[in-house]
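Enquirer: Spelled out from the first residue to the last, the chains are:
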Amino acid sequence: MMWLLLAAGVGVIIGLGSFTFSYGEGGSYFSSDPKSCVNCHIMREPYDAWQKASHHAFATCNDCHVPHDFVGKYLAKADNGFRHSKGFTLQDFHEPIRIKPRNARLVQENCIRCHEDITREITSHGSAGDPSNNCLRCHSTVGHR
Amino acid sequence: NIVERKQEGQSHYFEVVGLSEDVVDPEIWGRNFPRQYDGYRRTVDNERSHHGGSEALPPSKLEADPRLRRIYAGYAFSVDYREKRGHAFMLHDQEQTERVKQFKQPGACLHCHASVLPAFRFAGNGDIMRGFEKVCAMPYAEAHDLVDAKGERLVKHPVACIDCHDPKSMQLRVTRPGFLNGIQALVEGDADLPHLPSVVQWRKDRKSGRVKEGDHYEPNVRATRQEMRSFVCGQCHVEYYFKGTGKLLTYPWQKGLKADQIEEYYSQVGFTDWVHAETQGQLLKAQHPEFEMWNQGIHARSGVACADCHMPYQRVGAVKVSDHQVRSPMLQVNRACQTCHRFDEEEIKARVEIIQNRTRDLAGRAEDALIQMLDAIGEARKNGAAAEGLKPAHDLHRRAQWRVDFVLSENSSGFHSPQEAARLLAEAIDFARRAQIEAIRAAGNKK
Amino acid sequence: NIVERKQEGQSHYFEVVGLSEDVVDPEIWGRNFPRQYDGYRRTVDNERSHHGGSEALPPSKLEADPRLRRIYAGYAFSVDYREKRGHAFMLHDQEQTERVKQFKQPGACLHCHASVLPAFRFAGNGDIMRGFEKVCAMPYAEAHDLVDAKGERLVKHPVACIDCHDPKSMQLRVTRPGFLNGIQALVEGDADLPHLPSVVQWRKDRKSGRVKEGDHYEPNVRATRQEMRSFVCGQCHVEYYFKGTGKLLTYPWQKGLKADQIEEYYSQVGFTDWVHAETQGQLLKAQHPEFEMWNQGIHARSGVACADCHMPYQRVGAVKVSDHQVRSPMLQVNRACQTCHRFDEEEIKARVEIIQNRTRDLAGRAEDALIQMLDAIGEARKNGAAAEGLKPAHDLHRRAQWRVDFVLSENSSGFHSPQEAARLLAEAIDFARRAQIEAIRAAGNKK
Ligand SMILES: [Ca+2]
Ligand SMILES: [Ca+2]
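Chains as they are written, first to last, in the numbering used here: chain L, 1 to 145; chain D, 1001 to 1447; chain C, 2001 to 2447.
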């Protein structure tokens, strides 16, 4: 377990440390409070939209954007933490921000985690893993727009 | 990926009966999948669809628009041509059309109007492709009445579960020889198909040598799930012709799916559907090119499949299933459109109406042009214009007829690709009017 | 809502200078709003736009497509007709066109090519509407060289901040008399405009009596912010004509914004732009109907404004500003389109190209039809066809010319409303070919 936390920490530290970043914002990556995401103004838009979205009452950012097994959770956070910090510091990311394919799959897994029962039929005969027919195609706005 | 799919396919439903390639009757499949069967059966339900009527035949297109009788003069379609309706009727409506009753038709017709694999398998001694070829060549009645060794009728059901699903995994699959041959010709050609990722990939693999000379593009193995959600419909909702004396059902896709590309193909192979009774022009007939027109549209480019709109998910009790009552999406705009388009139902219907009205207005204009062209050619012939002098008019007639028909016989009234439909009608008008001018000229020259 | 806007307008900037109706020079406004001024200034930047060139004049449409010389024969547009370019050039390009140098033009031309409110106010003694009427009637040079009491030139700048913004609140506003009169006629008519909520509301209020007889629709008070984001552009990017001997600049919107409705209006008031040099047909000229075509499109119906695509938000640090370098959205697809469309840049460009290519192909086809029609009418006249006999051809020529021109002079090559553009061209082709046929007939009759 320790090595995992370490790995996560290292990710953020590399991301932040070398790009001069304040501790408060870096730490936000380990919290599940949505407000912690808005420490970066660049996350303001999804945050505002989330407040108006259907899932505001059911799911926070991390419920959808972070894997829910312990190992994956911290690895993902380290990786995303690194990229987001780097992006924020260097301002070198594509705008509008687009979810990365890997993170989109992750979100999809989270949809199914909560909605396993109702989607049983439609995920069992085809392949839910096939990204070409994913939940986001029809429901991309449930979290925010 | 296939393996992954297989594994997932095995669980999650209560297997009441065992299914296999030999079980065609949807009622039996329905014991395992009652929700889907329920929808499937409701395709007999006409009440909520456009045109009403039940056991009787659906409304005649020829009565609704008498210009069509002249436009198709000399062809079976000028005798009987009706509206489509639900899948449950497909076999019945084919048996009852005057086009079958009054005219000689081949077994090829059954390919898209029945669950026909057992007949193909039987006729081919297990080889479906060979059986397909044999059945195509039979007279319609002979094919229709085929019986197996036990004397059981082989052609009994309209499209059935087994035509779109693998009985073991329940995965989508395509089974129709016409489609398999057609898509093969298409992927081997060089028409641009950026919205079909598995086609793009196959072509790459062929270039790199991973696909060997002679290897086929296998949709059931290569296509993404999302592609399959359109391909199953593309088995039947397509333009076709009967090739040669063997009446081999063929999809003319070698040069691409656009009307112009298909026309080019027909010209190259020298195909003609019929000779027009008034003008003796050698013409083509287009049939239900839904798949082709969808391919030109913005929805296809955005990865939106036929099933997304025509079989939208529907909540039944605690689960959501694909609505197997395949029908017009306008009957359930909320499910079919509103997950993607956050406008209210009235607004969405209004948008479809604007598109369809523009298409219908132009189609009417194009038909008028055709009719006036027919008059002019008739006049020229009466005045003794030479066949030679009328050749330009005949060529233009063929091109105009093809484009008008491509839009008229496409069943979405332009919705599947609004600007493309309008473009085709604009060209049709141009060709028809030019044919008229050529005829007037020919008449002048011979007077 | 107005209050809300006010607040937004008032905060968030450092007021370096005080602005008022008397401050026209954008450089001064720019001291308060340096980012917007920066973009505004870059409208001189041609390098990245389509056509290159800088101080010299932009490319000639007539050289690119020589058919146009014949199509406009007898009208100033056959002498000089060029591509548009950035806002910074608008006054210069008008001064330099041969249409001004070789032909007599009225002051009305300035309405859309300069920051013209000071001139209107001066000429009208404070009453802008009266000043507008007076300036319209002046010869171009007189209007252009107007000076105020101190001898200062009144027409100095191309479109300026003050033309779209209230100097106190910075709110968007429309200031152009032509637009104010035009939109008034439009809302009083009964053309369907479901996508303009404030128009729908005004009509309701009029029915219920809340709006009194004679009360005006005041866009600056009633329009939503989103409507204003298109109306400011609709001040100029519209079809127009000069009414009567007073050359009153008028937007022909009484019957609606569609090409057919505008044509009906012109027929009713008996307006003709020019007489065609070859045929003597009485024709109409369409000019940049961007606002009208946008109104027929799916983006307008979805509430997407001109500014969304042509002045997209641009993040500068933590704030977003509207990009005041008004230009083609294809030069910044990520900001202009990708906020709404989740496809990559190549794909979005490909979609626009498909739409524009379809439009251009059909436009070429329609121009060919016009040219062949001109030949036929010429022939008929040469053969001594009576004016009477050519009347049907003339009427059809007018209708064909109007539709071709409506699409050709619209600057998005069909993008703003793809199916509508194709529909107009289809009709144009029909009318041009029928005119050709009428001419052939007329020639035959008189031979
Ligand atoms: Ca055919
Ligand atoms: Ca005009």
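Since the hints were made in silico from the structure, they are not lab data.
Careful, some of the hints might be misleading.
[Said to hold, decoys possible] Okay, derived cross-link-like pairs now, EDC-like style, lysine to aspartate or glutamate, Cα gap no bigger than 20 Å in a straight line:
| no. | chain 1 | residue 1 | chain 2 | residue 2 |
| --- | --- | --- | --- | --- |
| 1 | C | Lys2320 | L | Asp79 |
| 2 | D | Lys1168 | D | Asp1025 |
| 3 | C | Lys2204 | D | Asp1192 |
| 4 | D | Lys1320 | L | Asp79 |
| 5 | C | Lys2349 | L | Glu95 |
| 6 | L | Lys100 | C | Glu2345 |
| 7 | D | Lys1320 | L | Asp48 |
| 8 | C | Lys2320 | L | Glu95 |
| 9 | L | Lys100 | C | Asp2273 |
| 10 | C | Lys2104 | C | Asp2273 |
| 11 | D | Lys1349 | C | Asp2192 |
| 12 | L | Lys52 | D | Glu1347 |
| 13 | C | Lys2349 | D | Glu1347 |
| 14 | L | Lys100 | L | Glu116 |
| 15 | L | Lys100 | C | Glu2152 |
| 16 | C | Lys2320 | L | Glu45 |
| 17 | D | Lys1320 | L | Glu95 |
| 18 | L | Lys52 | L | Asp69 |
| 19 | L | Lys100 | C | Asp2192 |
| 20 | C | Lys2061 | C | Glu2347 |
| 21 | C | Lys2320 | L | Glu109 |
Enquirer: Which of the stated hints cannot be reconciled with the structure, identified by number in ascending sequence?
Expert: Violated: hints 1, 3, 4, 7, 9, 12, 13, 14, 15, 17, 18, 19, 20, 21.
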